[in-house]
Each structure stands twice: as structure tokens, then as C-alpha cells.
Amino acid sequence: MQYVTLKKERFDDFISRLAQDKKVVAPVAQDNNAYAFEPVTSGRQIAKDYIPTILPPKKYFMPQYETLATFNIGNGQQMEPVVEYERMILFGVRTCDLAGIQCLNMVFSERPKDHNYLVRKSKIIIIGYECNDYCDEYASCRLVHNHTPNGGYDLFFTDLGDKFIVHINTQAGDEIIEKTKLFEEANEKDLKALEALREKKRKIFANEVPVVHENIPQVFEKSYNSNIWEDLGKKCLSCGNCTNVCPTCYCFDVIDEPNLDLKTGKRYRRWDSCQSETFAKVAGGESFREERAARQRHRYYRKFKYPVDKFARLFCTGCGRCSRTCMAKINLKETVTALVAEQGLTDKKAGKE
Amino acid sequence: MAKPKVAFFDFACCEGCQLQVANMGEMLLDVLGAIDVVEFREVMSEIGPDKIDVAIVEGSITDHHAVERIKKIRERASILIAYGACACIGGVNGMKNNFKLDDIRKEVYGKDYKYFDSVETRAVHQVVKVDYKVNGCPVYIPEFVKVLKAALAGLPYEVPDYSVCVECKLNENVCMYDRGLTCLGPVTKAGCNSWCINNNNICYGCRGMVSNPNENGAKDVIAKYNIPMDLVVNKMNMYNKCREIDQREQPKKKH
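Chains as they are written, first to last, in our numbering: chain D, 1 to 353; chain Z, 1 to 255.
Honestly, the hints are just simulated from the structure, not real lab data. Bear in mind that the values here come from a model prediction, so they are computed numbers and not experimental data. Every residue, glycine too, gets a C-beta built ideally from N, C-alpha and C. Treat each hint with caution, since some may be false.
List of simulated lysine-lysine pairs, BS3-like, C-alpha gap at most 30 Å [stated by the list, open to error]: (1) D:Lys333 - Z:Lys3; (2) D:Lys59 - D:Lys266; (3) D:Lys329 - Z:Lys219; (4) Z:Lys224 - D:Lys235; (5) D:Lys348 - D:Lys121; (6) Z:Lys51 - D:Lys263; (7) D:Lys266 - Z:Lys224; (8) D:Lys59 - Z:Lys5; (9) D:Lys266 - Z:Lys149; (10) Z:Lys219 - D:Lys266; (11) Z:Lys219 - D:Lys281; (12) D:Lys113 - D:Lys281; (13) D:Lys333 - D:Lys113; (14) D:Lys48 - D:Lys163; (15) D:Lys266 - Z:Lys146; (16) D:Lys349 - D:Lys222.
Per the computed footprint, the stretches of chain Z lying under chain D, defined by three or more beta-carbons under 8 Å from a beta-carbon of chain D, are [said to hold, decoys possible]: (17) 161 to 167; (18) 215 to 223.
Using the sequences and the hints given, assemble the complete structure.
Spelled out as C-alpha cells, the structure:
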């Protein structure tokens, strides 16, 4: 039994039953068409049509501030590692954000493994949620092939009108189905409806940048000295919004902070950003990426070039958050379109059915 | 080991930042456990000894008398902490520098203005050496505690030189620009945990500007949001007018 269905009138019940057992977090509407993952106890609190949340779910996998160790220098140098975690269920994770979590998993599973991340991750159950249409004009999920699910979830919900069809991907997901007792086995008609929806999506999600998917790494291989980076540098305010909201930006700074007794204290990490001037500054005051243009280029290369070389995977998930949040209107789709054109790789038919 | 002797002093200010110390709540007990407060006009009558370990100075320097007094405090103290926007960046008192000094004196003191001394408003570091800064109007108490710990431990404290937006995003606030409001967060130094925006207010720039703002880029953004330039300049000058003294006396090497 891989697929089950849930009648919509049972959805509220479903979330309430989940919340009795564990903390459930899901997208909740803020003001000005903004959304954020927050704890919920009923389905009614969850936003219906939501664009990607201000911060991606990475905040639960690598929190903004996370204690790594405590120390005591009162008698020699003692240090105790700390692993903080919380059991929870993430509901309503879009396919772009599922891809983001998959990218983080790859990064933090590399040796030396990041145990703080991996322990935390092992306590989180993920329930994905399909986009039947574009969230808004900033998304570029078709470009990076994230408009349909590619795994990375325990359960995956797709809206079929009067009911959800749910894909069960793991044992943890199966246990939720068994325990909540609200689901029915999917019939032939439900599966056909899902197939028809995916077929329809192929027409809705057109390639957002006119380039053949496989040519993206080639574009970036040749664009290192492009003048386009200078243009971005002139616009950029270095506020770091683009990296903080990115589902795959994982850079952090580690800080030791003493308590008032000046003997005990803690070591914690905090999100850092390659866009801030201090990020690449080293002893003596030298900075490896002094200019904003170089910092913006670095951000793009960290999505489209370096991870392709290292993990054979694009680290842009197409969620559109960086463009959506940028006050200076630096737009990822426009930047990549311009780079593609500069390399003569524009293909208006690419990715179109 | 004797606890470090700490004294509080104030110059041109509202004394609100010192009041924040009294507002600390339970943390105040921890702080008082770590230091020996020897002088603090707002809460005690005693006058401290000639030599003190840490001087915490609120307020900006606005007349000759203040210049002499801050120099004496500097001589008495091993460590001097500029405390609050007035001390760190001149703060609202800097607005005086928008006008001719005599015009201001006439406005305030009337025909006898010559009897009342006044000088261009300066931040404390523009008169004497400052070892640590606790920015803000008022100071953000968690940051004050951080700075105090750094000072007592002899460690440096780096005021974040990136914008308030960084902490604001970490707090997942809805952007004030998306709400149609003009916020100085993008050009203001972080360290306050975006305190005002967390509480539905805009950033007024009370922590001083980041050291290398993209001024042309900021102008473009301001134009895109149809914000009049003079409104932004006035907003900046509310706290940051004394920045001009830094620019005048310590010309930047690059950018």
C-alpha cells in the first residue's frame, strides 16, 4: 500500500491527532502575503495557498543559534559536547524545500559528519505538499527539476480537490497512517487523477530560464569573469537576506561566550553569510572577497557550480526566496537568463513540452 | 580576587540607558555578583575612588566642561565603555550640528546666550579613547552583558558590522519595506537582535551605520520604493549626524 487518501473534511482531525503526540509545525500566514513555519495544533491554523515561507524549514535542521558545547576553565579546560534536538513533524513542505533538505543532508553527512545536524534530522518527520501551480513569478523550480517530488519525505500530500492523495515513503510515514486511522486506500481513480494532475503540471511549469537543464554547469564554467557580477555588486546592499532565506545556504560562524563568572560558558554556532563583508576577512584585515560583485558571484557559484562539481547536484532549489526578499531586486531568474544569453546558450524551446 | 570596580557616568543624555541597567530584572543580580559598583549617580550617592577598573559612560560631549570631565574620567579608568547611542555615535544630540552654534545658543538660552557654553556635539570616542561600545537607544541589555563580560575577561567585542536585516531575517520578521514603511535596518549595524522590528516598529538607525554601506545601491532602492531622499537623510541624521566628524577627522582609506 503505497498510496492512501484523506478526505478534506478529515484534515483538521488529522493535524489535531498528530499534534496530540508530537509538536507539529506548518506554514502559517503572517501579514503582507508572508508565511512562516510555526507550531500548530489544528488544521485550521495552516495556510491554504502559501508561497514559500520567509525562512525555509532549514531553521529546524540547523537553527539560527545552536549550542554545540559547554566549557569550564575553572580547573583546566573542560569541554562537554551538547546535542540539542526536538522531536517534531514538519507538515506542508513544498518540493523545493524537500530538495533543500536533501542538499543539507548531503553537506552535513560528509566526513567529518556533523552530529548535531544528523541527530536533529533523525528526530524530524517530514510531510511534503505538492504545488499544483506556481506560487508566484519568482519561482524557478522547473529549471532545476524540483516542481515534482523527488523523495526526501515520509509522507507526501497532493490536493485532488475533495481529497488528498498521500504517498507513503517510509516506515515512519506508514506509522502515522496507521496511528491516525483517518486514511483510506487509494483506488484506481485516485491514481489516475494524480497522473492527470502531474500531466497538467508539465504544461503549467514551463522552463523559467531559456536554457537546456544540462547546459547550466557549462554556463557557469564560463561566466566567472562576466560583467554581470559587477552589475549585481552595484545593486547589492550586503544585507544577507538572500543567503539567510536560502534553503541550501548552510554557512555558520562559531562563537565562544563566557558566562558572567568568566569560567563557564558555551560554544554556539550562528548562521553566517558570504554576503557580509566580515565573512571572508582574515587576520591582518585582508578580505578574500572584498567587493560585493565577488560576493554575489560566490553565492551563485555556490548554487550552480561548486556543488555540481562536489555533489553532482544543483544547490538552487528554485524556491525563489532570494529574489523575493531582495530589496535591491537582484533576481535569480534574470541573472541566470543574462548569463545564458552571454554564453550564447539561449534555447527558447528548452524544457517546454 | 576583588571584584572589578565599575562606575557609571553621564553626559548629555536622557539617562535612559542607565535606567536599562536597573530594568535588567534577575540578570541584575548576576551582574552585581560579578562587579562592584562604586559610583552611579542615578541609584547611589557615593563617589568612587580615584582609580576605577571600568567606566561606563552615557551621553555625548556638548560643552567645554564636559570635555574636561570626560578626560578626567578617562584618566581614572583602566577600561572605558561608551554606553548608548549618545556616547557611541553622538545620538539625537548630534542634531545640534545641523545648525550654526550661535543660532542654537540664541534659540535655547535667549539674549544671554553668551554666558552659556556650548560646543559641537561629539561622541565620546571623538574626544577620548574608547575601549568598548554598547550601541543603541536605549542599549540592548543582552548586548550590554556581552560587552561587560568581554571587558571583564579582557576579550575584544566586535560590534557586528553587518546590517540589522541579518538579525531581522533570523527572527523571520515580515520586511518593513514590504509593509510600505521606511526602515533604516539595511544600513544600520546589527547587534540589537532587531529589537524594534520584532516589536512592529521600524529601525531608526540608533546603532550607527555599517562602516561600508553601498550608498549608490541604497539610493536606487530608495528610488524604487518611491521614498523621498530628504526623508531618508533626515531619518539618518536623527542619530547619525556626528558621523560627519569621523569622516572629517579620520578619512577612510578606501571605498
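For each hint, the structure was consulted:
1. A C-alpha spacing of about 59 Å is found between Lys333 of chain D and Lys3 of chain Z, which places the hinted pair above 30 Å, so the restraint is violated.
2. Straight-line distance between C-alpha atoms of Lys59 of chain D and Lys266 of chain D comes to about 20 Å, which keeps the hinted pair within the 30 Å bound.
3. A hinted pair counts as satisfied when its Cα atoms are at most 30 Å apart, and Lys329 of chain D with Lys219 of chain Z qualifies at roughly 13 Å.
4. Proximity of Lys224 of chain Z to Lys235 of chain D is assessed by CA-CA distance (about 12 Å); at most 30 Å being required, the pair is judged to hold.
5. The suggested pairing of Lys348 of chain D with Lys121 of chain D is violated, with an alpha-carbon distance near 40 Å, which exceeds 30 Å.
6. Distance hint between Lys51 of chain Z and Lys263 of chain D is fulfilled; the C-alpha atoms sit about 26 Å from each other, no more than 30 Å.
7. Taking the CA atoms of Lys266 of chain D and Lys224 of chain Z, the gap is about 44 Å. The hint is violated against a cut of 30 Å.
8. Taken as a hint, the Lys59 of chain D and Lys5 of chain Z pair is broken in the structure, with Cα atoms around 42 Å apart against an allowance of 30 Å.
9. Between Lys266 of chain D and Lys149 of chain Z, the direct Cα distance comes to roughly 13 Å. Compliance with the 30 Å bound is thereby established for this hinted pair.
10. This hinted pair does not check out: Lys219 of chain Z and Lys266 of chain D have alpha carbons roughly 41 Å apart, beyond 30 Å.
11. Pair hint Lys219 of chain Z plus Lys281 of chain D holds up; C-alpha atoms about 27 Å apart against a cutoff of 30 Å.
12. In summary, the hint linking Lys113 of chain D to Lys281 of chain D is supported, as the alpha carbons are separated by about 26 Å, within the 30 Å threshold.
13. With a C-alpha separation of about 34 Å, the suggested pairing of Lys333 of chain D with Lys113 of chain D is violated against the 30 Å cut-off.
14. For the hint pairing Lys48 of chain D with Lys163 of chain D, the CA-to-CA distance comes to about 14 Å; that is within 30 Å, so the pair holds.
15. Only pairs whose Cα atoms come within 30 Å are accepted, and Lys266 of chain D paired with Lys146 of chain Z is accepted, the gap being roughly 13 Å.
16. Our distance criterion of 30 Å between C-alpha atoms is met by Lys349 of chain D and Lys222 of chain D, whose separation comes to about 22 Å.
17. Given a C-beta distance limit of less than 8 Å, the hint that chain D covers the region 161 to 167 of chain Z holds, as 5 residues qualify and 3 suffice.
18. A stretch counts as covered by a chain when three or more of its residues have a beta carbon under 8 Å from one of that chain; for the region 215 to 223 of chain Z and chain D the count is 5, and the coverage holds.
The structure does not agree with the numbered hints 1, 5, 7, 8, 10, 13 stated previously, though it agrees with the rest.
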